[in-house]
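First to last, the sequence lines map onto chains A and B.
According to this note's numbering, the first sequence is numbered sequentially starting from 7.
According to this note's numbering, the second sequence is numbered sequentially starting from 92.
Since the hints were made in silico from the structure, they are not lab data.
Note that this is a predicted model, so its numbers are computed, not measured.
Each hint can be trusted.
Derived Cβ-Cβ restraints for the label pairs, each shown as a range:
#1 272(B) / 429(A): 20 to 26 Å
#2 25(A) / 113(B): 33 to 39 Å
#3 193(B) / 426(A): 35 to 41 Å
Chain A is nowhere near these chain B residues, computed Cβ spacing over 12 Å in every case:
#4 119
#5 121
#6 131
#7 138
#8 142
#9 143
#10 158
#11 213
#12 219
#13 226
#14 286
#15 323
Where a beta carbon is used, it is the ideal one built from N, C-alpha and C, also for glycine.
Listed below are the residues making up each chain.
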Amino acid sequence: MDDAADKPLLRVRDLTIHYGDATTVPPSVRAVSFDLGREALALVGSSGSGKSSVARALLALLRPPASVRASEMSLLGRDLLNLSPHEWDKLRGNEIAMVLQDPKFALNPVLTVGEQVGEALGPEVRKSERRERVAAALEAVGLSGSGRLLSAYPHHLSGGMGQRVMLAASVIARPRVLVADEPTSALDADLRDQALDLVADLTRRLGMGLLLITHDLAQAVARCDRVLVMDQGAIVDRRPASELSTSSHPYTRALWASHPSAGTYGTRLVADPTLSFRQTHAPDAPPDTTVEALRLSELSVTYAHHRRPIQAVSSVSLAVRQGEIFGLFGPSGCGKTTLLRVMAGILPGWTGHFDLFGQPVASGTRWSPPLRRTVQMVFQDPYASLHPRHRVGAILQEVLHVAGEDDVEDRAAEALREVGLDPGLWRRFPHQLSGGQRQRVVIARALLLNPRLLLADEPTSALDLTTQAGILDLLAEIRLRHGMTLVLVSHDPGVLAHLCDRVLGMELGRFVGEADHNQIVQAGSIPTALSRPNPKER
Amino acid sequence: MNLRLPQAFRSPAAVVGGTLLTVVILAALLAPWLAPFDPLMQNLDQRLQPPSAIHLFGTDSLGRDLLSRLIFGCRPVLGLVALVAVVAVPFGLVVGLLSGFRGGWTDRILMRFTDIVLAFPHLVLAMALVGTLGPGLFNAAFALAATAWPAYARQARTETRVLRQSDYLKASEMAGITGFRLMRGHLLPLILPSAVVRLSLDMAGMVVAAAGLGFLGLGIRPPTPEWGAMVAEGSRVIFDQWWVATVPGAAVLLVSLSFNLLSEGLRDLWDPRHG
Numbered sequence: 007m008d009d010a011a012d013k014p015l016l017r018v019r020d021l022t023i024h025y026g027d028a029t030t031v032p033p034s035v036r037a038v039s040f041d042l043g044r045e046a047l048a049l050v051g052s053s054g055s056g057k058s059s060v061a062r063a064l065l066a067l068l069r070p071p072a073s074v075r076a077s078e079m080s081l082l083g084r085d086l087l088n089l090s091p092h093e094w095d096k097l098r099g100n101e102i103a104m105v106l107q108d109p110k111f112a113l114n115p116v117l118t119v120g121e122q123v124g125e126a127l128g129p130e131v132r133k134s135e136r137r138e139r140v141a142a143a144l145e146a147v148g149l150s151g152s153g154r155l156l157s158a159y160p161h162h163l164s165g166g167m168g169q170r171v172m173l174a175a176s177v178i179a180r181p182r183v184l185v186a187d188e189p190t191s192a193l194d195a196d197l198r199d200q201a202l203d204l205v206a207d208l209t210r211r212l213g214m215g216l217l218l219i220t221h222d223l224a225q226a227v228a229r230c231d232r233v234l235v236m237d238q239g240a241i242v243d244r245r246p247a248s249e250l251s252t253s254s255h256p257y258t259r260a261l262w263a264s265h266p267s268a269g270t271y272g273t274r275l276v277a278d279p280t281l282s283f284r285q286t287h288a289p290d291a292p293p294d295t296t297v298e299a300l301r302l303s304e305l306s307v308t309y310a311h312h313r314r315p316i317q318a319v320s321s322v323s324l325a326v327r328q329g330e331i332f333g334l335f336g337p338s339g340c341g342k343t344t345l346l347r348v349m350a351g352i353l354p355g356w357t358g359h360f361d362l363f364g365q366p367v368a369s370g371t372r373w374s375p376p377l378r379r380t381v382q383m384v385f386q387d388p389y390a391s392l393h394p395r396h397r398v399g400a401i402l403q404e405v406l407h408v409a410g411e412d413d414v415e416d417r418a419a420e421a422l423r424e425v426g427l428d429p430g431l432w433r434r435f436p437h438q439l440s441g442g443q444r445q446r447v448v449i450a451r452a453l454l455l456n457p458r459l460l461l462a463d464e465p466t467s468a469l470d471l472t473t474q475a476g477i478l479d480l481l482a483e484i485r486l487r488h489g490m491t492l493v494l495v496s497h498d499p500g501v502l503a504h505l506c507d508r509v510l511g512m513e514l515g516r517f518v519g520e521a522d523h524n525q526i527v528q529a530g531s532i533p534t535a536l537s538r539p540n541p542k543e544r
Numbered sequence: 092m093n094l095r096l097p098q099a100f101r102s103p104a105a106v107v108g109g110t111l112l113t114v115v116i117l118a119a120l121l122a123p124w125l126a127p128f129d130p131l132m133q134n135l136d137q138r139l140q141p142p143s144a145i146h147l148f149g150t151d152s153l154g155r156d157l158l159s160r161l162i163f164g165c166r167p168v169l170g171l172v173a174l175v176a177v178v179a180v181p182f183g184l185v186v187g188l189l190s191g192f193r194g195g196w197t198d199r200i201l202m203r204f205t206d207i208v209l210a211f212p213h214l215v216l217a218m219a220l221v222g223t224l225g226p227g228l229f230n231a232a233f234a235l236a237a238t239a240w241p242a243y244a245r246q247a248r249t250e251t252r253v254l255r256q257s258d259y260l261k262a263s264e265m266a267g268i269t270g271f272r273l274m275r276g277h278l279l280p281l282i283l284p285s286a287v288v289r290l291s292l293d294m295a296g297m298v299v300a301a302a303g304l305g306f307l308g309l310g311i312r313p314p315t316p317e318w319g320a321m322v323a324e325g326s327r328v329i330f331d332q333w334w335v336a337t338v339p340g341a342a343v344l345l346v347s348l349s350f351n352l353l354s355e356g357l358r359d360l361w362d363p364r365h366g
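One chain only, chain A, in its complex shape (with noise of 0.2 Å):
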């Protein structure tokens, strides 16, 4: 089965990886073999899993505690195992290379593009040679190698192009191998795919070998010709992509089941795929149409941006009705976590008319207490919505105690179990708890005060497809549990065809369009015409 078409570039048998001590901790990869050739192969796995271990470990990047044990890792029949930083430092770059997953943080702000993409070149090329090299690793990756681009700065750049930039600077030099350790994850769903396609229609033209790592099954099947499984730190599948998704193995089964559509509207993404959720619980009642929960008409927020005003929403309408659960879709930076923040009255700032149940609210004003606890909400990043300094169970009561609340700690504990945590978590740290525990303590957070309209901000940008499944399950459940309205932020189609009964695409601060479940499922996404392309990248 792990045959390449030709001569494998990369082989590698029974690699081992430890954090810490061999003899005490268990190994984070485990008698991971494979063999890599002019092919574009696909290694999957959710967070944890150890696949970026292992993509580091082909490139020498791990430091101690972490130890690396194989019984061979070679590229092109050269040992790897044994080679000293120096000769590293000859091969990163010019035999196998890594494209790094956010271009905010893997490139130089003080160097142009053009020094940054000719810098795996090495001192010894000349400059005229340089500077036709860099245009054309430029022009491969689409972008114009000549003229403003070459000395513009990173900041300059749009996340699609900074991505395109880093793409070029691994592949200049010409390496053999290619490393992709989820290169897109910092990017929007529409730049996402494009960026993808450009690794692999890159490679496949260059002859090169590509070691694409990811955790979205999808995108693996859609671009590799074959296709590692991971998890717990071992190959648990392996078979070619077009065979993966039929794949008997339960785990694959489960990565499959994972993914957010329209097919999956109504129904649980983990574990029993086939039960709907609104069957499991008491019947959903009908959502109370009388009153709406939501009512902005022609709100338009403004930001004074070095004392420019930029206008970040323009005159929006739009109505939510109790009890349904609403989208907003759009890039990213087309106003739709502002007009969340006003929702949830922590962006005072803003022109229009907003009813919230009924009940006009004004803008500028401070809310009542009362008003405020109608309104919660879940942050983006649950890694940056916890204070780091307070314990699990803290940050849970308090909420209560400033309330008013009785029985806090028996309550905040019953929040813990009813996101799915052991109330044994409840006092570790937030670092001490993993991406998608840390959201369930934040959506518990945001269910204490028992609102009527729980708002949420891209709540499963930051975790894997699996985390995410989980997180997207939970907020379902709780929804219908409690009978509240819920309003979602995406810019991920599949996340909110599957879970919303209408969604409102926003452009550059603007209305675009509506669909409903129904158009929704008809288009199989959400309707092209709320996701326009991009406006064109300069």
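Mind docking chain B on chain A? Use the hints.
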């Protein structure tokens, strides 16, 4: 084999600095028992003696034992630094927190006031204050504190303003946690560590500043032993009896150095990048 040491021991700088400071603090506490002679006892027969077995560091121009004066001199130095820390840090933090949290006019007024104090050179302002208030331990401490707080206020304000944008403070706000409660329970724990690191850095400077005031005769009144005043006294005979000025001068150097080492170690340990 992997004995788990307290965290502080992982930084050699902190260990060296901490040990030196512990010695100084112990010397200050146990001065009456450690000192071989009465630091005030004059013996004009024995004046300006070089270091010997009886007088380990020699004697000064009034025949007082320099070692004993050195040991007793730990007390005003540490007392002064502690007083400055207790006054300047809380004041600076309160000003900075209020300024960063309230914004608007509160911020403008508090920060312009901070700017004004910051515009004066530290020691000059301290000298002016002692000049008006008169010399003495408390006045010197007050003068130094009055010049030390603006740095803490600035730092606290900047950090508060950054933190106010964070999602977890927005979340607390949505849960109705506001005002004093938010400042004390949520903001203060986050800005305190950097203030403590800054304080330990500043302490080295304060030791030197305190000795400087003493040197100029603006610190503690003689004949109480104080390192700065001792250096001033010794400087008159520095070419013939070098030890009289060198011994207290070296003590100032050593104490400020150990504060520097300790702060460097603390910064390493508390820097989030070091986990």
